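Going down the list, the protein sequences come from chains A and B.
Residue 307 in the numbering used here sits at position 66 of the first sequence, and the numbers go up by one each step.
Residue 126 in the numbering used here sits at position 105 of the second sequence, and the numbers go up by one each step.
Wrong hints could be hidden among the right ones.
If you want the ones that stay clear, here's a sample from chain A, every Cβ over 12 Å from chain B, calculated [said to hold, decoys possible]:
1) Leu248
2) Ala254
3) Val301
4) Gly304
5) Ser353
6) Ser370
7) Ala407
Output of the computed footprint for chain A on chain B, the stretches with three or more beta carbons under 8 Å from beta carbons of chain A [as the list claims (entries may be wrong)]:
8) 58-70
9) 81-92
10) 160-167
11) 181-194
Derived by calculation from the structure, the hints in this document are not laboratory data.
Keep in mind it's a predicted model, so treat the numbers as computed, not measured.
Glycine residues also receive a C-beta, built at the ideal position from the N, C-alpha and C atoms.
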Amino acid sequence: MAESVRLNGSGSATPRLNFRVIISQELFLGVGTGATINPRGNNATIDTVTFDYTTAPNAVGTGAAAPVITGNVVPVRVYCNRGQITLTATHPVNLTSGANTIPFTQILVTSSSLNLPAPAMGGLPLFPSMNGASGTTNRSATWTYRYLNTVNAVGGIYTGQVTYTASML
Amino acid sequence: MKLNLITKSAIALMLATPLLASAESQLVNGAGAAAARLNFRVIIPRVLFLGVGTGAAVTPLATNAAIDMVTFDYSLNPNDVGTGLAAGAITGNVVPVRVFGNNGQIQIAVTNPANLVSGTDNIAFTQITAVSSDATNLAVPAFGGAAVSPVLNTTRITDRSANWTFSYANAVNAAAGTYNGQATYTATMP
């Protein structure tokens, strides 16, 4: 076995060459701005979804949508090349404004794609569908958030953060 | 052998570096989970609402310019004037009231002139009294009396409704006339 063969006289020279392609195991999750990065990579920006009732104080607690909503349509992408993924959402019990609170479950989310469902606040992990039998998942969707607005909240600016985690089984 | 070492080093670097990232997008080569965060903000303004009469029924809470009238009319029973008996015709004396606030203890006060007047004649406003259908949670401030404090539903949230029923004491011998007066109820909140 050699990379060169020297023949003296008749015959064929048959040097051989080996090839190897190394594909590392990869898992990617992007929620918000980071979902659109190409090629896939890390992004440190954390987007904010805002529901602002400042101009419609009478609507607080009525179930009506906030008059000003920003950032609530969120692009999401998940990629994995080694089998089924699980997707979970972890968050504190409440959004907080000082000592005042609004339950995180007041925030609902729907996905534009059944292949990439959005885990509900306080809900179970979900499973993005794989693209084929190869064990690869490459799914994109937009997740749309809304504020349920069924609690009479004390005046304030309530903030909270959810962390989505993609894991390979 | 040398190539093998380089390959191993590259793979080790790929495995280690992305796991240090904390971001809204994360790429992980090798083992480990990928995490991405999203912030939420809900802005709730301070809200204070008081409705007395027609305005109390407005949903959602909103400003209403109609001022209701409570009338005690003795035209049908003039002989009862000054006897303490009720008027023959009473309209508008059962008044729906709603108070809502989201920033702490509310107080409701009433301000009114000393008298209802008819030209130069008058009847003391204190001849009119009121009781609440929910005296515990939404009492009525008496004319000439102290402010009342509706009971908070939860910490800093008040949402109380009741009917306030007004009566005319009819304990004075008033000169004939149509006596008018207006009371203003004021809710205050921190």
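Does A:Ser353 really sit off the interface, with its C-beta more than 12 Å from all C-beta atoms of chain B? holds (16 Å)
Has the region 181-194 of chain B got at least three residues whose CB is nearer than 8 Å to a CB belonging to chain A? Since three or more residues must qualify, the claim that chain A covers the region 181-194 of chain B is violated, with 0 doing so at under 8 Å.
Non-interface claim for A:Leu248: all C-beta distances to chain B beyond 12 Å? holds (28 Å)
Examine the region 160-167 of chain B: at least three residues should have C-beta closer than 8 Å to a C-beta of chain A. violated (count 0)
Residues of the region 81-92 of chain B with Cβ under 8 Å from chain A, three needed, outcome: This one holds; 3 residues, not fewer than the three required, reach chain A with a Cβ under 8 Å.
Within 8 Å of chain A (C-beta), three or more residues of the region 58-70 of chain B: holds (count 12)
Should the label of A:Ala407 as a non-interface residue stand, given a Cβ cut-off of 12 Å to chain B? At roughly 5 Å from the nearest Cβ of chain B, A:Ala407 sits no farther out than 12 Å, so the non-interface label is violated.
A:Val301 and chain B, when compared Cβ to Cβ, separated by more than 12 Å: About 6 Å separates A:Val301 from the closest Cβ of chain B, which leaves it inside 12 Å; violated.
So is A:Ala254 really clear of chain B, every C-beta pair being over 12 Å apart? holds (24 Å)
Interface-negative label, A:Gly304 against chain B, beta-carbon threshold 12 Å: violated (10 Å)
Nearest-CB test (12 Å) between chain B and A:Ser370: Nearest chain B Cβ is 18 Å from A:Ser370, so the label holds.
Checked against the numbered hints listed earlier, the structure breaks hints 3, 4, 7, 10, 11; every other hint is satisfied.
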